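*Asks:* For this one, chain A is given, so just place chain B on it according to the hints.
Protein chains: 2
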Amino acid sequence: MTPTRISVVEKILSANDRLAAENRARLDEAKVFSLNVMASPGAGKTSLIEATVKALSSKLNIAVIDGDIATSLDADRAAASGAVAAVQINTGGECHLDAVMLAQALPQIDLSPIDILIVENVGNLVCPASFALGTHMSVLIASIPEGDDKPYKYPGTFHIVDTLVINKIDLLPYVPFRMDYFRRGVEALNPEIDIFLLSCKTGEGLEAWLAWIEQLVYDHPSER
Amino acid sequence: MTPTRISVVEKILSANDRLAAENRARLDEAKVFSLNVMASPGAGKTSLIEATVKALSSKLNIAVIDGDIATSLDADRAAASGAVAAVQINTGGECHLDAVMLAQALPQIDLSPIDILIVENVGNLVCPASFALGTHMSVLIASIPEGDDKPYKYPGTFHIVDTLVINKIDLLPYVPFRMDYFRRGVEALNPEIDIFLLSCKTGEGLEAWLAWIEQLVYDHPSER
Numbered sequence: 104m105t106p107t108r109i110s111v112v113e114k115i116l117s118a119n120d121r122l123a124a125e126n127r128a129r130l131d132e133a134k135v136f137s138l139n140v141m142a143s144p145g146a147g148k149t150s151l152i153e154a155t156v157k158a159l160s161s162k163l164n165i166a167v168i169d170g171d172i173a174t175s176l177d178a179d180r181a182a183a184s185g186a187v188a189a190v191q192i193n194t195g196g197e198c199h200l201d202a203v204m205l206a207q208a209l210p211q212i213d214l215s216p217i218d219i220l221i222v223e224n225v226g227n228l229v230c231p232a233s234f235a236l237g238t239h240m241s242v243l244i245a246s247i248p249e250g251d252d253k254p255y256k257y258p259g260t261f262h263i264v265d266t267l268v269i270n271k272i273d274l275l276p277y278v279p280f281r282m283d284y285f286r287r288g289v290e291a292l293n294p295e296i297d298i299f300l301l302s303c304k305t306g307e308g309l310e311a312w313l314a315w316i317e318q319l320v321y322d323h324p325s326e327r
Numbered sequence: 104m105t106p107t108r109i110s111v112v113e114k115i116l117s118a119n120d121r122l123a124a125e126n127r128a129r130l131d132e133a134k135v136f137s138l139n140v141m142a143s144p145g146a147g148k149t150s151l152i153e154a155t156v157k158a159l160s161s162k163l164n165i166a167v168i169d170g171d172i173a174t175s176l177d178a179d180r181a182a183a184s185g186a187v188a189a190v191q192i193n194t195g196g197e198c199h200l201d202a203v204m205l206a207q208a209l210p211q212i213d214l215s216p217i218d219i220l221i222v223e224n225v226g227n228l229v230c231p232a233s234f235a236l237g238t239h240m241s242v243l244i245a246s247i248p249e250g251d252d253k254p255y256k257y258p259g260t261f262h263i264v265d266t267l268v269i270n271k272i273d274l275l276p277y278v279p280f281r282m283d284y285f286r287r288g289v290e291a292l293n294p295e296i297d298i299f300l301l302s303c304k305t306g307e308g309l310e311a312w313l314a315w316i317e318q319l320v321y322d323h324p325s326e327r
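Chains A and B are the protein sequences, given in the same order.
Reading the first sequence from the start, the letters are residues 104 to 327 in the numbering used here.
Reading the second sequence from the start, the letters are residues 104 to 327 in the numbering used here.
The shape of chain A in the complex, shown without the other chains:
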């Protein structure tokens, strides 16, 4: 059974990659810089997006696309924080977004005024890493209470992302977490990765993240 299954997955992936390239072209044409945000359930994707939108919506037009198995709780939060557009994709059981879903969501947003599109993937540390969406950059959020062994146990996702946010650093005094061990695992898998330590709850470390995002948007070739 296994070989058949693998070949089906490969066929889906190559169709996905073609569509991802089309999504990228559409975003580039509209001069929109885009992020794919991945994490375990509860690591703080929605909270980080909310904090980012709140802080930057006076300077940048931000759109958010939220992927979830069910509910529109996340898109509601993004809209409430000041996103110019917020679209919820309910995957109906699928454990990740794919390029088809993004291609269906993009026409629901008027991209012309948008500076940055933040795509919140389904909460899952495995599957989203296998499906390119066509976004310009990928961000993984890891959170302190998840434990320091995560890079070793989920190497695929830590390997493919461009940026790592370590969230919930306010919980460091209350949980066992060896930062050195965690970072050694991350850096072995992904030596070039950018790392931000922060707490969406207390706001500690958010400044550096926000300055970095803002700079990315201004530096991006698509900047108007």
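What the hints contain is simulated information worked out from the structure, not anything from laboratory work.
Do not take every clue at face value.
Chain copies aren't distinguished; within one or between two, either way the pair holds.
Distance condition first, Cα-Cα at most 25 angstroms in a straight line; then the derived SDA-like pairs of lysine to any residue [to be verified]:
hint: 1; residue 1: 157; residue 2: 295
hint: 2; residue 1: 162; residue 2: 314
hint: 3; residue 1: 157; residue 2: 279
hint: 4; residue 1: 304; residue 2: 280
hint: 5; residue 1: 304; residue 2: 251
hint: 6; residue 1: 304; residue 2: 279
hint: 7; residue 1: 304; residue 2: 273
hint: 8; residue 1: 304; residue 2: 216
hint: 9; residue 1: 157; residue 2: 280
hint: 10; residue 1: 304; residue 2: 286
hint: 11; residue 1: 162; residue 2: 173
hint: 12; residue 1: 304; residue 2: 278
hint: 13; residue 1: 157; residue 2: 278
hint: 14; residue 1: 157; residue 2: 251
Given the structure is predicted, the values throughout are model-derived calculations rather than measurements.
*Replies:* Relative to chain A, chain B alone:
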């Protein structure tokens, strides 16, 4: 593309269900009671299994099968805590265990002296729920820092499990978590579910969980 994909998934599932039934028959024949433990990455699957094995290994012969994308960190911990047998399944990228993998792992254990087999699924709140393994009971671990919206956002898994462990209750003072809201979501999806609140770190609440597991093993028709 979608219809083709769905029919492939259905074919895999029905093959999986047949194999799950064979696994169950093999476990029943050997008089082994078995648990399928599911959770997000970092919710505390390995810690709960470790605490359970440590506390009960003087009374029960426990075997542990650990599913992970990579590494044998979890099986090493299970073996160190006193499990009679510990087998690691590296799924090589697959985001869940399935009945085929369990069927391959079972012959690696001498089941005859085993009272209880604990299967630790891959850390994922979505995919494992779709693949029966053939175990007698399923346990979901949710942890306080993941947030109180998880039943609403991952309804599939909360709906199908028999038992819910709410772990890391020692972090309740440090994170926003509305227990009422969380429990309302759980009970709407799964009114009959058994719920345990505990902290693997402090040991609070572990007694009730351990007594329940021990009772299950003794009450099970397979008890020798």
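*Asks:* Where does the structure disagree with the numbered hints, that is, which hint numbers, in rising order?
*Replies:* Per hint list: 1, 8 and 11 violated.
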